[in-house]
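Protein chains: 4
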Amino acid sequence: MGKGRLEAFSDGVLAIIITIMVLELNIPHGFDLAALVPMLPVLASYVLSFIYVGIYWNNHHHLLALAKRLTGGQMWANMHLLFWLSLVPFTTAWAGESHMETGPAVAYGVVMLMAGLAYKLLQHLIVSDSPDRADLERVLGRDLKGVVSLVLYAGALAAAFVAPLVAYGLYAAVALMWVVPDKRVERIFEFLNR
Amino acid sequence: MGKGRLEAFSDGVLAIIITIMVLELNIPHGFDLAALVPMLPVLASYVLSFIYVGIYWNNHHHLLALAKRLTGGQMWANMHLLFWLSLVPFTTAWAGESHMETGPAVAYGVVMLMAGLAYKLLQHLIVSDSPDRADLERVLGRDLKGVVSLVLYAGALAAAFVAPLVAYGLYAAVALMWVVPDKRVERIFEFLNR
Amino acid sequence: MGKGRLEAFSDGVLAIIITIMVLELNIPHGFDLAALVPMLPVLASYVLSFIYVGIYWNNHHHLLALAKRLTGGQMWANMHLLFWLSLVPFTTAWAGESHMETGPAVAYGVVMLMAGLAYKLLQHLIVSDSPDRADLERVLGRDLKGVVSLVLYAGALAAAFVAPLVAYGLYAAVALMWVVPDKRVERIFEFLNR
Amino acid sequence: MGKGRLEAFSDGVLAIIITIMVLELNIPHGFDLAALVPMLPVLASYVLSFIYVGIYWNNHHHLLALAKRLTGGQMWANMHLLFWLSLVPFTTAWAGESHMETGPAVAYGVVMLMAGLAYKLLQHLIVSDSPDRADLERVLGRDLKGVVSLVLYAGALAAAFVAPLVAYGLYAAVALMWVVPDKRVERIFEFLNR
Numbered sequence: 001m002g003k004g005r006l007e008a009f010s011d012g013v014l015a016i017i018i019t020i021m022v023l024e025l026n027i028p029h030g031f032d033l034a035a036l037v038p039m040l041p042v043l044a045s046y047v048l049s050f051i052y053v054g055i056y057w058n059n060h061h062h063l064l065a066l067a068k069r070l071t072g073g074q075m076w077a078n079m080h081l082l083f084w085l086s087l088v089p090f091t092t093a094w095a096g097e098s099h100m101e102t103g104p105a106v107a108y109g110v111v112m113l114m115a116g117l118a119y120k121l122l123q124h125l126i127v128s129d130s131p132d133r134a135d136l137e138r139v140l141g142r143d144l145k146g147v148v149s150l151v152l153y154a155g156a157l158a159a160a161f162v163a164p165l166v167a168y169g170l171y172a173a174v175a176l177m178w179v180v181p182d183k184r185v186e187r188i189f190e191f192l193n194r
Numbered sequence: 001m002g003k004g005r006l007e008a009f010s011d012g013v014l015a016i017i018i019t020i021m022v023l024e025l026n027i028p029h030g031f032d033l034a035a036l037v038p039m040l041p042v043l044a045s046y047v048l049s050f051i052y053v054g055i056y057w058n059n060h061h062h063l064l065a066l067a068k069r070l071t072g073g074q075m076w077a078n079m080h081l082l083f084w085l086s087l088v089p090f091t092t093a094w095a096g097e098s099h100m101e102t103g104p105a106v107a108y109g110v111v112m113l114m115a116g117l118a119y120k121l122l123q124h125l126i127v128s129d130s131p132d133r134a135d136l137e138r139v140l141g142r143d144l145k146g147v148v149s150l151v152l153y154a155g156a157l158a159a160a161f162v163a164p165l166v167a168y169g170l171y172a173a174v175a176l177m178w179v180v181p182d183k184r185v186e187r188i189f190e191f192l193n194r
Numbered sequence: 001m002g003k004g005r006l007e008a009f010s011d012g013v014l015a016i017i018i019t020i021m022v023l024e025l026n027i028p029h030g031f032d033l034a035a036l037v038p039m040l041p042v043l044a045s046y047v048l049s050f051i052y053v054g055i056y057w058n059n060h061h062h063l064l065a066l067a068k069r070l071t072g073g074q075m076w077a078n079m080h081l082l083f084w085l086s087l088v089p090f091t092t093a094w095a096g097e098s099h100m101e102t103g104p105a106v107a108y109g110v111v112m113l114m115a116g117l118a119y120k121l122l123q124h125l126i127v128s129d130s131p132d133r134a135d136l137e138r139v140l141g142r143d144l145k146g147v148v149s150l151v152l153y154a155g156a157l158a159a160a161f162v163a164p165l166v167a168y169g170l171y172a173a174v175a176l177m178w179v180v181p182d183k184r185v186e187r188i189f190e191f192l193n194r
Numbered sequence: 001m002g003k004g005r006l007e008a009f010s011d012g013v014l015a016i017i018i019t020i021m022v023l024e025l026n027i028p029h030g031f032d033l034a035a036l037v038p039m040l041p042v043l044a045s046y047v048l049s050f051i052y053v054g055i056y057w058n059n060h061h062h063l064l065a066l067a068k069r070l071t072g073g074q075m076w077a078n079m080h081l082l083f084w085l086s087l088v089p090f091t092t093a094w095a096g097e098s099h100m101e102t103g104p105a106v107a108y109g110v111v112m113l114m115a116g117l118a119y120k121l122l123q124h125l126i127v128s129d130s131p132d133r134a135d136l137e138r139v140l141g142r143d144l145k146g147v148v149s150l151v152l153y154a155g156a157l158a159a160a161f162v163a164p165l166v167a168y169g170l171y172a173a174v175a176l177m178w179v180v181p182d183k184r185v186e187r188i189f190e191f192l193n194r
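The listed protein sequences correspond, in order, to chains A, B, C and D. Following my numbering, the numbering of the first sequence begins with 1 at its first residue and continues without gaps. Following my numbering, the numbering of the second sequence begins with 1 at its first residue and continues without gaps. Following my numbering, the numbering of the third sequence begins with 1 at its first residue and continues without gaps. Following my numbering, the numbering of the fourth sequence begins with 1 at its first residue and continues without gaps.
Where hints are given, some of them may not hold.
[Said to hold, decoys possible] Calculated Cβ distances over 12 Å to all of chain A for the following chain B residues:
1) Pro28
2) Ala35
3) Lys68
4) His80
5) Phe83
6) Trp84
7) Ala118
8) Ser128
9) Asp129
10) Val147
11) Val151
12) Met177
[What the hints assert, rightly or not] Derived Cβ-Cβ restraints for the label pairs, each shown as a range:
13) Gly169(C) - Leu117(A): 52 to 60 Å
14) Arg194(B) - Ala65(A): 20 to 28 Å
15) Leu176(C) - Arg133(A): 53 to 61 Å
16) Leu117(A) - Leu43(B): 13 to 21 Å
17) Gly30(C) - Leu43(B): 17 to 25 Å
18) Pro181(D) - Lys68(A): 42 to 50 Å
[To be verified] 25 Å max Cα-Cα, derived BS3-like pairs, lysine-lysine:
19) Lys183(C) - Lys68(B)
20) Lys3(D) - Lys3(B)
21) Lys68(C) - Lys120(C)
22) Lys183(D) - Lys68(D)
23) Lys183(B) - Lys68(B)
24) Lys3(A) - Lys3(B)
25) Lys3(A) - Lys68(D)
26) Lys68(C) - Lys183(D)
27) Lys3(C) - Lys68(D)
28) Lys3(B) - Lys68(C)
29) Lys183(B) - Lys3(A)
30) Lys145(D) - Lys120(D)
31) Lys68(C) - Lys145(D)
32) Lys183(D) - Lys3(C)
33) Lys3(B) - Lys68(A)
34) Lys3(B) - Lys183(C)
35) Lys3(D) - Lys68(A)
36) Lys3(B) - Lys3(C)
37) Lys145(C) - Lys120(C)
38) Lys68(D) - Lys68(C)
39) Lys68(D) - Lys120(D)
40) Lys68(B) - Lys3(C)
Derived from the structure by calculation, the hints contain no laboratory data. Where is the CB? At the ideal position from N, CA and C, for every residue including glycine.
Looking at chain A on its own, in the form it has when it is part of the complex:
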């Protein structure tokens, strides 16, 4: 099956996820600049989640570019990834309203961990079904960033029960790690332009 519509549908879902989070930014109580101060945690969680969805879009874009054609299993693995990402506006809003309590810090991490695992699964299916399997494995490398992310999410989940601030710090650290450009993206670009 061609992958055009799956990309278009995923782009639509990711575009909606990244944009409707702004609907959770309620108008401040008051009309001076000081009224924005109590909103800082909400704005911070908005920025973090915006960056995360941006990272997923970027990585999804590269990953699908590597796929030649798609199987039914890959389509469902993609839907599974979108499911976990669709919960991001919910966990973002809960985290934004909270003041470093455990619940939202755990929920945010569970969604991130599950989205990370769903992405790994989709990547595995795309690589293992590809006629260029060996090439793709070389291009994607050991996926150190992906593995480290999952470990940090797990650590953040443990931290969320005792020190939610540490958990949020780890979520931010993972995001930062992905925004920094790396060799893998260069290898993907080279492979696609070969």
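Mind docking chains B, C and D on chain A? Use the hints.
Frame of chain A; chains B, C and D shown alone:
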């Protein structure tokens, strides 16, 4: 008429339907993990509806891939299908807020039944207008799953008046039936790649 | 300029307009089927507006298919049309909450009238800038439906001040007129496939 | 990397931004036409922001048409632009609810200024990475409009602290300046059709 824009528009509508349901997930009352417990019915209805819209997107994708060009009647049959699916966020939210009452269980089933009938109609129009009609009829087979779904929806509707839990169980059973891969999808892939 | 992105952007906006209207359908007060009865006006206005946006998508699809390339003026005429259509969820929600009062009936009609005029303007610009101008004029004909619609909107606006029910009847009549297939669509299809 | 999905994703985000602003238009308190009068500031801010997002879509469309292929840095510069634009529904709603207070007038301007800078950065990256760099520099010219816009935003921000009405007047003036067609768009069209 080319089908590109109809697919793009349908992808957009389905992407929005599947994503805005998250806006119905209100933030829990409280910030510990226990605050999520009363949300379990809402989350369960969210998961079920997410899977349903995913199934419709998958099937719609395959069906439109079979169509060569589209008539005005097919465009309206597609819009009719999107209308019923557009009500899913409403029935999902009502079901999620309820505690096994009749109203939401019936409404959920009526929307599913009508969406199922709308899909059958669109499929019929695409097959009967196709220059490859005989091929498409062979590829799609007797559509046993489609017929069984409609029967189960009807049964669930009857059950909703006496035992809503049975109705929801039947809705989940239909969803499960469609997620499991089948021969038909393989035949469609073979036909498209012939 | 190519028209691909203008179609994609318009599809996105129309898909969102037609879908977010469901967010205005608040959950009924109660969980039996009778709780749906007070929602009938809201549901009726939802159905009417869904059909209207569907008609605009259909017509927009055909009209853009006739355009070869787009000018800056046509892009702004298209944005102007989308502006008026973007107000449909607002007037639909206001009409749905009302009980045949004047305000929503007038607002609904003003938005429909302005959207109709915006469409006429876009159509005029596309036809007059086309290298196939004479062909397009023949294919589109005298646009009797378009003119009658504008007249009926104007009549409905007058009626809204004394008998809102008549106004809504006229809005429904215009919608019905467009859903019924006509010779023009056939001529457009023939022209595009020539 | 191909630019198709980046355009599709950006179209999706911009389409959602321009459309969900209507969800901030709450139904008037009352059902006569006079109930619309208190909504005039909200409607005015809606119109202004609709035009702004329309301008950004138009300019983004032209700019991306000039790009041949995209780098990782350009993708993040594009995401950065979308981030600031995603805040437009929030600042629009806050401005619409206010009565010429300082806070919303400043917030509106900050978002516009940052979006303008983000656009400049994206434009710079696309031009400087292009194999046709000299051509693109000639086609885009000195970008007088872009520079004047940033200066007017800065002036509006200063004015917002003493006379918010002047700030809004300047925001409207910048929008008007971009809607008026200019030589640059003609040069872009010529370059793309060369």
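Hints the structure fails to honour:
1, 2 and 31
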